[in-house]
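K.L.:
Heads up: the protein sequence lines correspond to chains V and S, in order. Sequential numbering from 1 applies to the first sequence in our numbering. Sequential numbering from 1 applies to the second sequence in our numbering.
In short, the hints are calculated from the structure, not lab data. Backbone N, C-alpha and C define an ideal beta-carbon position, used for all residues, glycine too. The reader is advised that the hints may include incorrect statements.
[Stated by the list, open to error] Taking lysine to aspartate or glutamate and the DMTMM-like style, the derived pairs with C-alpha atoms no more than 25 Å apart in a straight line are:
| id | chain 1 | residue 1 | chain 2 | residue 2 |
| --- | --- | --- | --- | --- |
| 1 | V | Lys55 | S | Asp195 |
| 2 | S | Lys230 | S | Glu78 |
| 3 | V | Lys111 | S | Glu128 |
[To be verified] Listing some non-contacts, in silico: residues in chain S with all C-beta distances to chain V over 12 Å:
| id | residue |
| --- | --- |
| 4 | Gly19 |
| 5 | Ser55 |
| 6 | Gly87 |
| 7 | Glu96 |
| 8 | Glu117 |
| 9 | Met121 |
| 10 | Thr124 |
| 11 | Ile158 |
| 12 | Ile184 |
| 13 | Ala204 |
| 14 | Gln220 |
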Amino acid sequence: MALWAQLDDVCVRYGPKIVMQNLTLDVVEGAITCIIGLSGAGKSTILRLLNGLKKPDTGRVFVRGNDITDMRERDLIDLRRTIGFAFQFSALFDSLTIGENVALPLREHTKMPDAEIRKLVSETLESVGLAHVEDRYPSELSGGMVKRAGFARAVVTNPQAVLYDEPTTGLDPIITHVLTDTIVKLRRRLNGTAVVVSHDLESIFQMADYIAMLFEGAIVAYGTVDEIKRSPNPIVQQFLQGSEVGPIPI
Amino acid sequence: MKVFDEVGQGTINAFAYAGGIAELLADAMRYIAALRIRVRETLDQSYLLGVQSVSIVILTSLFTGMVFSLESAVQAVEYGVGNLVGGAVAFTTARELGPMLSAVVVAGRTGAAIAAELGSMVVTEQIEALQSLGLSPTRMLVVPRLLALVIMLPLLTILADVVSIIGGMLVAGAYAHISQESFIASARSALPFGDVLKGLFKSAVFGVIIAMIGSYQGLQTRGGAAGVGKATTGAVVTSIILIFMFNFALSYILYGGH
Numbered sequence: 001m002a003l004w005a006q007l008d009d010v011c012v013r014y015g016p017k018i019v020m021q022n023l024t025l026d027v028v029e030g031a032i033t034c035i036i037g038l039s040g041a042g043k044s045t046i047l048r049l050l051n052g053l054k055k056p057d058t059g060r061v062f063v064r065g066n067d068i069t070d071m072r073e074r075d076l077i078d079l080r081r082t083i084g085f086a087f088q089f090s091a092l093f094d095s096l097t098i099g100e101n102v103a104l105p106l107r108e109h110t111k112m113p114d115a116e117i118r119k120l121v122s123e124t125l126e127s128v129g130l131a132h133v134e135d136r137y138p139s140e141l142s143g144g145m146v147k148r149a150g151f152a153r154a155v156v157t158n159p160q161a162v163l164y165d166e167p168t169t170g171l172d173p174i175i176t177h178v179l180t181d182t183i184v185k186l187r188r189r190l191n192g193t194a195v196v197v198s199h200d201l202e203s204i205f206q207m208a209d210y211i212a213m214l215f216e217g218a219i220v221a222y223g224t225v226d227e228i229k230r231s232p233n234p235i236v237q238q239f240l241q242g243s244e245v246g247p248i249p250i
Numbered sequence: 001m002k003v004f005d006e007v008g009q010g011t012i013n014a015f016a017y018a019g020g021i022a023e024l025l026a027d028a029m030r031y032i033a034a035l036r037i038r039v040r041e042t043l044d045q046s047y048l049l050g051v052q053s054v055s056i057v058i059l060t061s062l063f064t065g066m067v068f069s070l071e072s073a074v075q076a077v078e079y080g081v082g083n084l085v086g087g088a089v090a091f092t093t094a095r096e097l098g099p100m101l102s103a104v105v106v107a108g109r110t111g112a113a114i115a116a117e118l119g120s121m122v123v124t125e126q127i128e129a130l131q132s133l134g135l136s137p138t139r140m141l142v143v144p145r146l147l148a149l150v151i152m153l154p155l156l157t158i159l160a161d162v163v164s165i166i167g168g169m170l171v172a173g174a175y176a177h178i179s180q181e182s183f184i185a186s187a188r189s190a191l192p193f194g195d196v197l198k199g200l201f202k203s204a205v206f207g208v209i210i211a212m213i214g215s216y217q218g219l220q221t222r223g224g225a226a227g228v229g230k231a232t233t234g235a236v237v238t239s240i241i242l243i244f245m246f247n248f249a250l251s252y253i254l255y256g257g258h
């Protein structure tokens, strides 16, 4: 199995708090890897390590075999152009329309003619189930639509990988299903890699090729959906069952 | 010992702050030197930060010129030097009051706006979104605001100078019966054109201070809405203090005590 990225013996601290300790994780190329874990466990930090928004205190981060740990900001900017990032609250620029938001990376990174950009933006929005919203502002859309617009912005440049931070949190079951389906379709369309951070188990079981469970700063379980479901690890089982009784302190 | 610890920590923080500003300014200058400028955004910011400050600059400079003239004109006529009032008002306005007043007003209005906007973008992950799209927040956000203020603040200062002198002239005429011709002649003879340019240079420096402090405070925002409030207040207070400090230093250098 070819690897898209690798975290090797990574430690991360926020002030005195240790978020990751000797964490090692492989992200398989061309697959959907889902990272699960308790709130505040550091799942989103893994995504930020993968696109260089966060540097580890110790350990190395590799993307497509390149060590990005000490990469200069200028080189990281080039790397990030190849990685889409869908933020938890979408992080759309509220002063721009949806069309302008999605078009921004194209306008800044390519010399595409305006008509072509408009066409591509329109097609990308349609591919995530959003048609005719180009002229509307983020504040005029529902939560699910804003999430999908964030997906569209993340994938409009055809990145080799897309990172999704809590893509279904706080949404109703129907929209959750639509978004999960969208992530699977986008991965197929881009023929790339996806890393999804979430604790929405139903949606994870539906889309994941691999699942990694983060607990107390380390990956305590890794495998396919079936392997994780059958894991003998009591931490994994307590998390999957949502039980108050077990090794995870409440 | 605790006092020494606090003084030491305060000194470290001050140097870290100055270093952060210098680094951000150097980054912005690199984009400006490479002409990687977003013209449309710079024009938008010039309108928002500059043109929308016109009314407040007119009002403050008008009344400052009027009160300056009110305090000086009557006494000047009593002492028989009424013909010097125009010169005194123009001289003080172009060298000190115009640049300082417009800078303080703009720091209060737009310095706060810059810090609040960028701070809100930090807490809503929009800054990280820019970075994740391979775009530099310095180029996208800081450079347009920096250029807008460096261009617009001197223009606002010209406006402040003119309005303040007109206000002074009106009051001098109404209360001390100094004719407009005498006021203007006095202003012309007392104020070398070079001094006007030096005042405008100071304005451009103040523009850099307001843009950089507002941007840096905004980009350093931590901790949600409370953090945005703190960044906004910090931006205004720090900008105004630095404007006063730099004004003294620049006046000393440019006018050399003359």
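K.L.:
Are the hints correct? Go through all of them and say.
P.N.:
Quick rundown of the hints versus the structure:
1. V:Lys55 to S:Asp195: Outside the cut-off at roughly 50 Å; violated.
2. S:Lys230 to S:Glu78: 51 Å, violated
3. V:Lys111 to S:Glu128: At roughly 24 Å apart (the allowed maximum being 25 Å), Glu128 of chain S and Lys111 of chain V satisfy the hint.
4. Gly19: 16 Å, holds
5. Ser55: With a cut-off of 12 Å, Ser55 of chain S remains clear of chain V, as the shortest Cβ separation is near 23 Å.
6. Gly87: 47 Å, holds
7. Glu96: Non-interface label on Glu96 of chain S holds, nearest chain V Cβ at 37 Å vs cutoff 12 Å.
8. Glu117: Glu117 of chain S is in fact no farther than 12 Å from some Cβ atom of chain V, at 9 Å.
9. Met121: At roughly 8 Å from the nearest Cβ of chain V, Met121 of chain S sits no farther out than 12 Å, so the non-interface label is violated.
10. Thr124: The assertion about Thr124 of chain S is violated, with a minimum of 6 Å to chain V.
11. Ile158: 30 Å, holds
12. Ile184: Since the minimum Cβ distance to chain V is about 45 Å, Ile184 of chain S lies beyond 12 Å and the statement holds.
13. Ala204: Ala204 of chain S clear of chain V: closest Cβ-Cβ about 27 Å, beyond 12 Å.
14. Gln220: Non-interface label on Gln220 of chain S holds, nearest chain V Cβ at 16 Å vs cutoff 12 Å.
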